Structures are given as C-alpha cells and as structure tokens.
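Protein chains: 2
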Amino acid sequence: MKAPTAKGQRTHKNTFQAAGTPAAYFSFILHSYAIIGRRIGNKYVCRRHSLSVDIPKDHPRRDSLIVRERLAEFVKKGLMTPTGLIAHGRGEAFDYLMGERTTAAALNAERVAAAYLMNAKRPVICVNGNAAALNAKRLIELAEATGSKIEVNIFHRTEERMKLLIDYMKECGAPNVLGGDPDARIPGLSSDRALCTSEGIFASDVILVPIEDGDRAEALVRMKKTVIAIDLNPLSRTSRMATVSINDEMSRALANMIGFAKGPSNKEKRNDIISQFSNEENIRASVNEIRKYLLDAVSGEKNERS
Amino acid sequence: MKAPTAKGQRTHKNTFQAAGTPAAYFSFILHSYAIIGRRIGNKYVCRRHSLSVDIPKDHPRRDSLIVRERLAEFVKKGLMTPTGLIAHGRGEAFDYLMGERTTAAALNAERVAAAYLMNAKRPVICVNGNAAALNAKRLIELAEATGSKIEVNIFHRTEERMKLLIDYMKECGAPNVLGGDPDARIPGLSSDRALCTSEGIFASDVILVPIEDGDRAEALVRMKKTVIAIDLNPLSRTSRMATVSINDEMSRALANMIGFAKGPSNKEKRNDIISQFSNEENIRASVNEIRKYLLDAVSGEKNERS
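The listed protein sequences correspond, in order, to chains S and P.
Okay, so the first sequence: first residue is 1 according to the working numbering, each after it adds one.
Okay, so the second sequence: first residue is 1 according to the working numbering, each after it adds one.
One or more of the hints may lead you astray.
Taking beta-carbon pairs under 8 Å as the criterion, some of the chain S residues facing chain P (in silico) [stated by the list, open to error]:
{"hint": "1", "residue": "L71"}
{"hint": "2", "residue": "P82"}
{"hint": "3", "residue": "L85"}
{"hint": "4", "residue": "I86"}
{"hint": "5", "residue": "H88"}
{"hint": "6", "residue": "G89"}
{"hint": "7", "residue": "A93"}
{"hint": "8", "residue": "L235"}
{"hint": "9", "residue": "R284"}
{"hint": "10", "residue": "V287"}
{"hint": "11", "residue": "R291"}
{"hint": "12", "residue": "L295"}
{"hint": "13", "residue": "A297"}
Restraint ranges, calculated between C-beta atoms of paired labels, are given here [stated by the list, open to error]:
{"hint": "14", "chain 1": "S", "residue 1": "D167", "chain 2": "P", "residue 2": "T158", "range": "28 to 34 Å"}
{"hint": "15", "chain 1": "S", "residue 1": "K269", "chain 2": "P", "residue 2": "R62", "range": "42 to 48 Å"}
{"hint": "16", "chain 1": "S", "residue 1": "S191", "chain 2": "P", "residue 2": "E144", "range": "39 to 45 Å"}
{"hint": "17", "chain 1": "S", "residue 1": "E160", "chain 2": "P", "residue 2": "R62", "range": "24 to 30 Å"}
{"hint": "18", "chain 1": "S", "residue 1": "E280", "chain 2": "P", "residue 2": "D205", "range": "51 to 57 Å"}
{"hint": "19", "chain 1": "P", "residue 1": "A104", "chain 2": "S", "residue 2": "K121", "range": "52 to 58 Å"}
{"hint": "20", "chain 1": "S", "residue 1": "K121", "chain 2": "P", "residue 2": "K57", "range": "38 to 44 Å"}
{"hint": "21", "chain 1": "S", "residue 1": "E280", "chain 2": "P", "residue 2": "A104", "range": "27 to 33 Å"}
Derived by calculation from the structure, the hints in this document are not laboratory data.
No experiment lies behind these values; they were computed from the predicted model shown.
No residue lacks a Cβ here, since even glycine has one placed at the ideal position from N, Cα and C.
Modelling step: build the complete structure from the supplied sequences, incorporating the hints.
Below, the structure is given as structure tokens:
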C-alpha cells in the first residue's frame, strides 16, 4: 500500500514524530484513514480529490488550489455560503504565513485539545459548512476517537442547508448528527447560531469549534464551557476567547488530535498536559512563528512563493 | 455636503495628508467621487453599498463584511468566480495585518505608480471580476485621470462572463472597454489570460494589474512592460515580479493614485520620483509593517480584533 501523498499528511507525520510519539503507530492511523477516505458511494465529495476542474500537476500552489475548487463546489451544492469562501481565503493567508505546516505551538495546542476531549464528560464537535467541506471524514474520526457527539450549527441557517449538511455528514460515516431539531439556545446570541440541542452543544462541557466566529466562541465561554477553537488567525477574537486555540489548518489539526487521542495515555497524564498549558503564551508563540517567517522571507532565506 | 464615511476613504485622507499634498484639494476629489458613485440607474451595484443582507451597524468588522456580501452577490450574478472570493479573503488577511490602512510603503508605491501611468505613452488598466466588484468607479476614474485604456482580462474566461464584465464597466461609466474581441496573445501563457487586444494590453508600455495572478505578471514583465501590481500580499510572486508593487487595499490604492495623478506635477518631477524608487526595498518595508503589527498585537498595545 502506498503512503498517502497529500501534503498536510506528510507535514503532519513529521511534526508528530517531532513530538516523540511512535511514527509507525501513527502511520498505521494515516493509512487506515486513507482507506476509509476512499469508501465508495459518497454522494458529494467525501473523497479528498473529486474535482471537475483540472489543476496542473506542477502548479506551485496545487494543494491549496484543489481545496479551493472543492470549497467552490460545496457552495454550488448549497452546503457552504459564498462568504464562507472569503473566510477560507483569510485563513489560507495565515497558513501561508506559518509556512503551510503545523508549528510547534499548534502541535502543543492540539495535544492539549485532545486531552480535554478525552477527559470530558460530554464532549461535542461542532460542524459548519466550511468544516464539513474541508474534511468531514476527519471530524467524524475524531468524534469516534474521543467519544464526542457531532452537532451541526451554522450562521446562515436555513432548513435546507441544515438538512444538506446533516445528510452529508451521515453519508461520510457519522452514525448520528445533532442540530436538525434544536430545543435550546446559546444565551446572548441574537443570530440563528444560538439554536442548538439540549443533549449536544447546550449540555456539553468541552466543545470543539473548527472555523468559528468570535461571537459564538465568546457566548460558549460565558456558559463556562471549555472551548477548543481551530482558527488559523492567532489574533482573532475566537483565538483570544477560546480555552485552547489551535492556529493550524483544520485537516492537519484534526489528524494530530486523532493521533494524540488514540495514543497511550491516562486521565492523570492528560490533566498534567492541560495544567501546564497557557493559551496566551501559545498564541504569542504562533504570532512569533509568523514574524519569523516574514523576516526569513525578506532576508532571502525563503524562496519566493506565489 | 457630508464627508464620505467609508473607512477606506478616511484612512486614505489621513495618509494623503501625511504625504504633504493639500488636503482641501484632495477632499474635493473624494467628494466628487462620492457624488459620481451615487449615479442613478446602475444595473448591478456600482453604488458602494447596495446589499440584500443586513449587517449590524455596530459590528466591529462591518466595512469588511459589506464588501464580502457585495462580492458574494457578484458571484451570484456571474461576474466573479467563486474562487475569486477565496483570493479576496486571502488579501483581506494581509490588509488586516497592516492595520487596514495605507502604510507609508504603500503610499510611496502609489505615488510612483501614478508617475509611471502619467508619463506612459500607452497606459492600460487591466480589469478582472474581483477588481470590477471591488470598485469599478475608481478604476474608471483613474483611467480618466491618467489617459489609460481599460481592458478586461480574466483567468476563467467565458464569452458570457466577458460580456457581463464589459457591460458592467460601461454601465459604471467607462466610455470604451477593450477585451471583448482579442486579436493578440501574451506570449508564454497557456491559459485564456493570454488573450488580449493589440491596441490595449499588447501595445501597452505601462500596465496596471489590480488583483493579479503571478503567471501573467511575469509574462508581462518578460514583454518589457512596466507592470504595476495592486496586491495585498507583499511576498506574492506578483509583488516580487512587478516593477511597482502596491501592497494596499484596491479602493484605497486607487483613490491615492487618482489624487497623485490629478495633483500638480510635471514629467521631470515624475521621472525623479520613479528613479528614486526601489521595489525590493519597498516590499521589505511592507513586510516590516506586518511584523510590527504582529509585535504590537502580542505586546498588548493593540486591542483585540476579530
């Protein structure tokens, strides 16, 4: 069996090795994922590269362009809103400025986030259009690895889009997806993002919010929940509000968290990991990675990049 | 008459004053623009704020969200491609990291760019979907102020989209728009972006390319043209390839260039301005602005921003 060749996975493996966890074990997970990812019969594009647009193999930004085209197709199908594409582009720029790799700071946050999810009583993974489009499979795999519930919660809510997203998550393998019949509200939010379920988001103690808006992150923190955000911008309100801010590309972040969740550990070790973490310091480390990248770029140490 | 209140214009006025040009004169230009911008009868959204979505007046990112919604509407109407939204988001992040204002480096590049356009024999302003959506009016005003031709040139070229864009530019006030009947090719480009007109892009000596892709910028430089790029990413291939790289939000950049073009000057003065400019140094200055912004942000000197 050939190793997966997607860039995110390769980078991930390196950073994971750097964290001192057995590479062989992790490689096994990656390969398993690659097999699951090719499951036949997905209605939309659960498989990684299912595009109607040809992108030259030698294009310097091929990986990023493939994701772009996939997101554009999700908009066409009504699973994502057009403005979700702008939000993605914004994130892309921060990824670019961190070298399109998992930084040491991000890996640290991912380890802590996995510990929180594993130690939680009622963990929930929140899914919106962007998150589903980027990597539904890995969201589901993390939910399985951590015993988390999945709930769809979107800003531009329509019944049709909720149904499309819930159906899509189920087609990608999620056994149960909450959010379709909300019976509770997140206090202090006027938008439809407030709508949630009492057994999911409302009752959760630890909640993962990939690709988030600042308002809701703040409202969830006010509810005394542990909020884990995946947000490429280390300076965003979401990043500053969250308990743990992962400034990393979502697919890479999830793969690392799955690795940590499945790795050998116990509750006490995880509590240690949690207690040693400072989100503020970690954000500062992310920002310094960007500053270093920029300095290297103008010092001629990096090649030019489009 | 009330002064225009859009954020970009305010910022622009301040930076322009800083450049030592009479503020009163410039204020007049801004006011004229504000009037022209409200011309009745535009088919799409020539007017600045013509949206179907309500954004709360107190939202911290209101200006940026208004532009986002407008671009999304352009995609719906077929003038922009969905992936153009991602490119916009990417630019937005760099704007955010430069404090959403015209930096000293950008203003310097804008002054040089205006000088190049004014001294050119056959200046051309190139327009794509993103540029038209962001500010067709100002593109046209700069063309008038500098005697430049306007040519539409797009990556995802279809006859329908070309017609939509050309019609849109005409409805916004452009007397003549090239690009609909290409009779020449930019050498070395395999995509449809190569298609151009012999009287416009092909014959130009100075060409302004707002919101550009790196391939074409490089091809135009190979044709020995003076290439002026408006690109928020100072590290992009376009920025590195261009003769003058303006790392600024397009609407602000155009307003500044219009101010410089209409200001008192002569050919010799403009040649001086041109000869003193180093694009490499200027890009380094832009990058340092971002580095400073990041440092301030983690030093607690900036307020948090979502």
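Right, here's what the structure says about each hint:
Taking 8 Å as the C-beta contact cut-off toward chain P, the hint placing L71 (chain S) at the interface holds, the least distance being around 7 Å. Taking 8 Å as the C-beta cut-off, the interface hint given for P82 (chain S) holds, the closest approach to chain P being about 4 Å. Restraint check, L85 (chain S) versus chain P: the minimum CB separation of about 4 Å is within 8 Å; hint holds. With a least beta-carbon distance of about 4 Å to chain P, the hint placing I86 (chain S) at the interface is held under the 8 Å criterion.
The restraint placing H88 (chain S) at the interface with chain P holds, with a minimum CB-CB distance near 6 Å, inside the 8 Å limit. A distance limit of 8 Å between C-beta atoms decides the matter here; for G89 (chain S) the minimum to chain P is near 2 Å, and the interface restraint holds. Interface restraint check: A93 (chain S) against chain P, minimum CB-CB distance 3 Å, threshold 8 Å, status holds. Checking L235 (chain S) against chain P: minimum C-beta separation of about 5 Å stays under 8 Å; hint holds.
A cut of 8 Å between beta carbons decides the hint on R284 (chain S): the least distance to chain P is about 5 Å, and the hint holds. Hint status for V287 (chain S) relative to chain P: holds, with the closest Cβ pair at about 5 Å, below 8 Å. Nearest Cβ of chain P to the Cβ of R291 (chain S): about 5 Å, under the 8 Å cut. The hint holds. At a threshold of 8 Å, the smallest CB-CB gap from L295 (chain S) to chain P is about 7 Å, leaving the interface hint in force.
Given the 8 Å rule on beta carbons, the hint for A297 (chain S) holds: about 5 Å separates it from the nearest Cβ of chain P. About 32 Å separates the C-beta atoms of D167 (chain S) and T158 (chain P), a value consistent with the hinted range of 28 to 34 Å. In this structure the hint that K269 (chain S) and R62 (chain P) lie 42 to 48 Å apart at CB holds, the actual value being about 46 Å. Between S191 (chain S) and E144 (chain P) the C-beta distance comes to about 43 Å, which sits within the given range of 39 to 45 Å.
Here the CB-CB span from E160 (chain S) to R62 (chain P) is close to 28 Å, well matched to the stated 24 to 30 Å. In this structure the hint that E280 (chain S) and D205 (chain P) lie 51 to 57 Å apart at CB holds, the actual value being about 53 Å. Hint check: A104 (chain P) to K121 (chain S), Cβ distance near 54 Å, so the stated range 52 to 58 Å holds. Take K121 (chain S) and K57 (chain P): their Cβ atoms lie about 41 Å apart, and the range 38 to 44 Å holds.
Taken as a hint, the range 27 to 33 Å holds for the pair E280 (chain S) and A104 (chain P), whose Cβ atoms sit roughly 31 Å apart.
Every hint, counting from the list given before, is met by this structure.
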